[in-house]
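Fit chain B to the supplied structure of chain A, relying on the hints for placement.
2 protein chains.
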Amino acid sequence: MKNQKSDKVTPRIASGFMELLPGDQIAFNSMLRIIQDVYESFGFLPIETPVMELADVLLAKGGGETDKQVYRLTKGDTNLCLRFDLTVPLARYVSQYANQLSFPFRRYQMQRVYRGEGAQKGRYREFYQCDIDTISDNLSVSNDAEMPAVIYEVFKKLQLPDFTIKINNRKILNGIFELMNIVNVSKDILTIIDKLEKIGREAVESQLLTLGLDYKKVNLLLLFLSLSGSIGAIDSIIDQSLGRDSNVNLCNGLEEIKQVINSLEAYGIPRNNYRVDLGIARGLDYYTGTIYETTLNDYPEIGSICSGGRYDDLCKFYTDRNLQGVGISIGLTRLFYQLKTIGAISSNKTSTSRVVIAPFDYKDRIYAMQVAKSLRSSEIPCEIYLDDAKLSKKFKYASNLGVPYVIVVGDSERSKNTVTLKDLRTGEQKSEIPIDLAIATINWEKNHR
Amino acid sequence: MKNQKSDKVTPRIASGFMELLPGDQIAFNSMLRIIQDVYESFGFLPIETPVMELADVLLAKGGGETDKQVYRLTKGDTNLCLRFDLTVPLARYVSQYANQLSFPFRRYQMQRVYRGEGAQKGRYREFYQCDIDTISDNLSVSNDAEMPAVIYEVFKKLQLPDFTIKINNRKILNGIFELMNIVNVSKDILTIIDKLEKIGREAVESQLLTLGLDYKKVNLLLLFLSLSGSIGAIDSIIDQSLGRDSNVNLCNGLEEIKQVINSLEAYGIPRNNYRVDLGIARGLDYYTGTIYETTLNDYPEIGSICSGGRYDDLCKFYTDRNLQGVGISIGLTRLFYQLKTIGAISSNKTSTSRVVIAPFDYKDRIYAMQVAKSLRSSEIPCEIYLDDAKLSKKFKYASNLGVPYVIVVGDSERSKNTVTLKDLRTGEQKSEIPIDLAIATINWEKNHR
Numbered sequence: 001m002k003n004q005k006s007d008k009v010t011p012r013i014a015s016g017f018m019e020l021l022p023g024d025q026i027a028f029n030s031m032l033r034i035i036q037d038v039y040e041s042f043g044f045l046p047i048e049t050p051v052m053e054l055a056d057v058l059l060a061k062g063g064g065e066t067d068k069q070v071y072r073l074t075k076g077d078t079n080l081c082l083r084f085d086l087t088v089p090l091a092r093y094v095s096q097y098a099n100q101l102s103f104p105f106r107r108y109q110m111q112r113v114y115r116g117e118g119a120q121k122g123r124y125r126e127f128y129q130c131d132i133d134t135i136s137d138n139l140s141v142s143n144d145a146e147m148p149a150v151i152y153e154v155f156k157k158l159q160l161p162d163f164t165i166k167i168n169n170r171k172i173l174n175g176i177f178e179l180m181n182i183v184n185v186s187k188d189i190l191t192i193i194d195k196l197e198k199i200g201r202e203a204v205e206s207q208l209l210t211l212g213l214d215y216k217k218v219n220l221l222l223l224f225l226s227l228s229g230s231i232g233a234i235d236s237i238i239d240q241s242l243g244r245d246s247n248v249n250l251c252n253g254l255e256e257i258k259q260v261i262n263s264l265e266a267y268g269i270p271r272n273n274y275r276v277d278l279g280i281a282r283g284l285d286y287y288t289g290t291i292y293e294t295t296l297n298d299y300p301e302i303g304s305i306c307s308g309g310r311y312d313d314l315c316k317f318y319t320d321r322n323l324q325g326v327g328i329s330i331g332l333t334r335l336f337y338q339l340k341t342i343g344a345i346s347s348n349k350t351s352t353s354r355v356v357i358a359p360f361d362y363k364d365r366i367y368a369m370q371v372a373k374s375l376r377s378s379e380i381p382c383e384i385y386l387d388d389a390k391l392s393k394k395f396k397y398a399s400n401l402g403v404p405y406v407i408v409v410g411d412s413e414r415s416k417n418t419v420t421l422k423d424l425r426t427g428e429q430k431s432e433i434p435i436d437l438a439i440a441t442i443n444w445e446k447n448h449r
Numbered sequence: 001m002k003n004q005k006s007d008k009v010t011p012r013i014a015s016g017f018m019e020l021l022p023g024d025q026i027a028f029n030s031m032l033r034i035i036q037d038v039y040e041s042f043g044f045l046p047i048e049t050p051v052m053e054l055a056d057v058l059l060a061k062g063g064g065e066t067d068k069q070v071y072r073l074t075k076g077d078t079n080l081c082l083r084f085d086l087t088v089p090l091a092r093y094v095s096q097y098a099n100q101l102s103f104p105f106r107r108y109q110m111q112r113v114y115r116g117e118g119a120q121k122g123r124y125r126e127f128y129q130c131d132i133d134t135i136s137d138n139l140s141v142s143n144d145a146e147m148p149a150v151i152y153e154v155f156k157k158l159q160l161p162d163f164t165i166k167i168n169n170r171k172i173l174n175g176i177f178e179l180m181n182i183v184n185v186s187k188d189i190l191t192i193i194d195k196l197e198k199i200g201r202e203a204v205e206s207q208l209l210t211l212g213l214d215y216k217k218v219n220l221l222l223l224f225l226s227l228s229g230s231i232g233a234i235d236s237i238i239d240q241s242l243g244r245d246s247n248v249n250l251c252n253g254l255e256e257i258k259q260v261i262n263s264l265e266a267y268g269i270p271r272n273n274y275r276v277d278l279g280i281a282r283g284l285d286y287y288t289g290t291i292y293e294t295t296l297n298d299y300p301e302i303g304s305i306c307s308g309g310r311y312d313d314l315c316k317f318y319t320d321r322n323l324q325g326v327g328i329s330i331g332l333t334r335l336f337y338q339l340k341t342i343g344a345i346s347s348n349k350t351s352t353s354r355v356v357i358a359p360f361d362y363k364d365r366i367y368a369m370q371v372a373k374s375l376r377s378s379e380i381p382c383e384i385y386l387d388d389a390k391l392s393k394k395f396k397y398a399s400n401l402g403v404p405y406v407i408v409v410g411d412s413e414r415s416k417n418t419v420t421l422k423d424l425r426t427g428e429q430k431s432e433i434p435i436d437l438a439i440a441t442i443n444w445e446k447n448h449r
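First to last, the sequence lines map onto chains A and B. My numbering numbers the first residue of the first sequence as 1 and each following residue consecutively. My numbering numbers the first residue of the second sequence as 1 and each following residue consecutively.
One chain only, chain A, in its complex shape:
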């Protein structure tokens, strides 16, 4: 697309991609780093996989909704695809290096994935997933309990608005389906249930009726799905309605979810940050046990901001070894967009510098470099305005970037080994003070505000 008036190409990006200005990128990166730090504090190990994989490997599972969205490319006679999630690459990685990994294998991976779906507001074709998974031959339910502990730490450290981690167990749903004799349509039911929050109870009701369920069954099912809160109370309602002991899935599911709930207290998660909720189902059919969704209490319309669950036989397309896993995923690109939309992200930090050093004249640049070196030795990120410009322009530059301090150095400062420090927020100026005093002033704030 050439510009009509000149021979220039109009600078633009393809639709469906998020690109941020530096201030927002700083906020985004700080979220990434917090998530990474929490994942590491739980001992998860980092991996990164190539953005493109061999088509026959990545699409081994084949079919499905995802298939149509995959970005494909060829190089020579090699068919390649861009990764569309981090779970398939994980399965491939674990299968490929199984002999060099220690199990339980606890890995985190924070990379962008690619889906060529129709671009719409808040849906991106390139987006970060921040995943953790624990993989082992024989994974105890205690691992399922660890996931909400990680989610809680992440969202607390991210200072998100009030959130609730909703926990369910696929076995409970399956047990209910079995006892109600509706197993034959269970996959369809899960898909419909998954839309409960989005399309509302009435729509779900009518969709369930079209599956051939009678009105009584639909009502009973929706009663169960509306259960949330104390697992003891939920257990007794199910027991009274269906008789839980007669069904293995139901027994196991209720037992597992109790174990998970008991552990959450040990991890120190406040009672109001989690809840058993039989209404969450996760559409994906590969979950087999515990499932999670996390929502912001005051913004239900955003939907789940961190989901996951327990699954069996992760590597079945690549190896005979039967490995189980449990994991969660944060879709950070979409979350960032949503948090911006509701005003929950402050971009008041729009620079990495805490100080702009403004040499009065080009002759003062060498001295400015020495001052910068001293600041950096004291862990103060700073930059020097190195171009020819009036002092007022240098101040304006600092102020536009939201940098809190300007240090001016001129003849007088240079000859006396001092600096003039100005706090742009208060206007307060300390003229010709020793460098060490300036450093102490700036660092005092870092430690006390």
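The set of hints was computed from the structure by calculation and includes no laboratory data. Positions of the beta carbon are idealized from the N, C-alpha and C atoms, including for glycine. Treat the hints with care, since some could be wrong.
In silico DMTMM-like links for lysine to aspartate or glutamate, alpha-carbon gap of 20 Å or less [unchecked claim]: (1) A:Lys393 to A:Asp436; (2) A:Lys363 to B:Glu255; (3) B:Lys258 to A:Asp387; (4) A:Lys75 to B:Glu255; (5) B:Lys340 to A:Glu428.
Residues of chain A placed beyond 12 Å of chain B at every Cβ, according to the derived structure [stated by the list, open to error]: (6) Asp37; (7) Pro46; (8) Asp67; (9) Leu73; (10) Lys121; (11) Arg125; (12) Glu202; (13) Ala203; (14) Ser226; (15) Ala233; (16) Gly279; (17) Asp320; (18) Arg334; (19) Val356; (20) Thr441.
Below, chain B alone, put in the same frame as chain A:
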């Protein structure tokens, strides 16, 4: 590629891609974070651009060697390319958001780029570039001096073996070409000179002769290119041989390089970490002033590990605004491979955990979770072995991962609110000590070793 004995797909990746085991990934990530921290300490602002861009935008410059290596894909009727460097996306970004950016615009960008070149040892089709650039309408040479200061800080913090930042100025080379009347073949000469370190003096000599230069000129040229060390001495040799005052380029180039060298001392860079070297040329024809290469003194065969320079009119394909820039790039994927090869990277840290908490029995898991919470509150990353296994297997897991400490909790510890702490490196064990003492012991080491 199906496995012959079963219906499994052989797990593998395409050739030319680097994929690391977690221990190496930890080392790699720590390098990434050090580079990022140094870039930010100089006030560079982060940006990230989409992995794919519109073909007409990304290839606006057109032609060239790069063009053949570009990964192309189509989605609907949109032609897209994967980014092959970070400079073209920077030019597009700056042009697109010019009104929302503050100039001088100082940005860093650390992302992977894609080149479908023939895969060979140490050359990758997907590799990280870690770039900084300063962009402005009227960029003083002082900005050129800042780049070696950043390179020095990065490589010092990365604890690389002895390195030298070699500095040259394209104007000096151009001035010499002008005075020697060989401007007509200057591009070819630069390409040949760029291979000096790789193919040796003799091969360069014979290639220069085929350009039509006579033997005397080739010798004189190679004399100049072999000059390195004090800029004063270099200046006087050039002056005596060619008479520098008669050429504007030569005058300006020598003046600029002197300014750069004078600044390096102010930045506190030790004298033995930089050198003027007229022999470095950088093949790329867009450099117009200062150029940099960085080499490891004891491993010249590795070539430059950080290069860059000054260029004009960054955005000419997208806008009429004439912006100048200066920048450097670290090709981290290749550098990591090289450092591994020469044994300069220690992968002794192969886990993110400092402690594996081993519950004696499954009944002790809840207490283990409380202990883990205490450790994490004291900034000690740790994990719990949550599966059923003998204690010996739990110890083996910790030891395989290189985790220094194991904490065992059983009946006795649980009832007395204590832990048993074992240092796997020394074998020293402290039985049933208070949690606080265990924390103090582990943290003492962090602060004192």
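Q: Would you check the hint for lysine 258 (chain B) and aspartate 387 (chain A), treating anything up to 20 Å between C-alpha atoms as holding?
A: holds (18 Å)
Q. Holds or violated: are the alpha carbons of lysine 75 (chain A) and glutamate 255 (chain B) at most 20 Å from each other?
A. Given pair lysine 75 (chain A), glutamate 255 (chain B) is violated - Cα atoms ~48 Å apart, limit 20 Å.
Q: Check the non-interface label on arginine 334 (chain A): least C-beta distance to chain B beyond 12 Å or not.
A: Arginine 334 (chain A) clear of chain B: closest Cβ-Cβ about 15 Å, beyond 12 Å.
Q. Non-interface claim for threonine 441 (chain A): all C-beta distances to chain B beyond 12 Å?
A. holds (19 Å)
Q) For lysine 121 (chain A), which was marked as not at the interface, is the minimum beta-carbon distance to chain B over 12 Å? A) Fine: 17 Å to the nearest Cβ keeps lysine 121 (chain A) off the interface.
Q.
Quick check for students: does the CB of glutamate 202 (chain A) sit more than 12 Å from each CB in chain B?
A. Given a closest Cβ separation of 36 Å, the condition holds.
Q) Would you say alanine 203 (chain A) is clear of chain B, with no C-beta pair closer than or equal to 12 Å? A) About 31 Å separates alanine 203 (chain A) from the closest Cβ of chain B, which puts it past 12 Å; holds.
Q: Examine each Cβ of chain B, and state whether all of them lie more than 12 Å from the Cβ of aspartate 320 (chain A).
A: Since the minimum Cβ distance to chain B is about 7 Å, aspartate 320 (chain A) lies within 12 Å and the statement is violated.
Q. Checking the smallest CB distance to chain B, is proline 46 (chain A) really beyond 12 Å?
A. Per Cβ check, proline 46 (chain A) is inside 12 Å of chain B; nearest 5 Å; violated.
Q. Is lysine 363 (chain A) within 20 Å of glutamate 255 (chain B), Cα to Cα?
A. holds (15 Å)
Q: Find the nearest Cβ of chain B to the Cβ of aspartate 37 (chain A) and say whether that gap is larger than 12 Å.
A: violated (9 Å)
Q | chain B versus alanine 233 (chain A) - minimum CB to CB distance exceeding 12 Å, so not interface | A | holds (22 Å)
The structure fails to meet hints 1, 4, 5, 6, 7, 9, 11, 17 and 19 from the earlier list, while all remaining hints are met.
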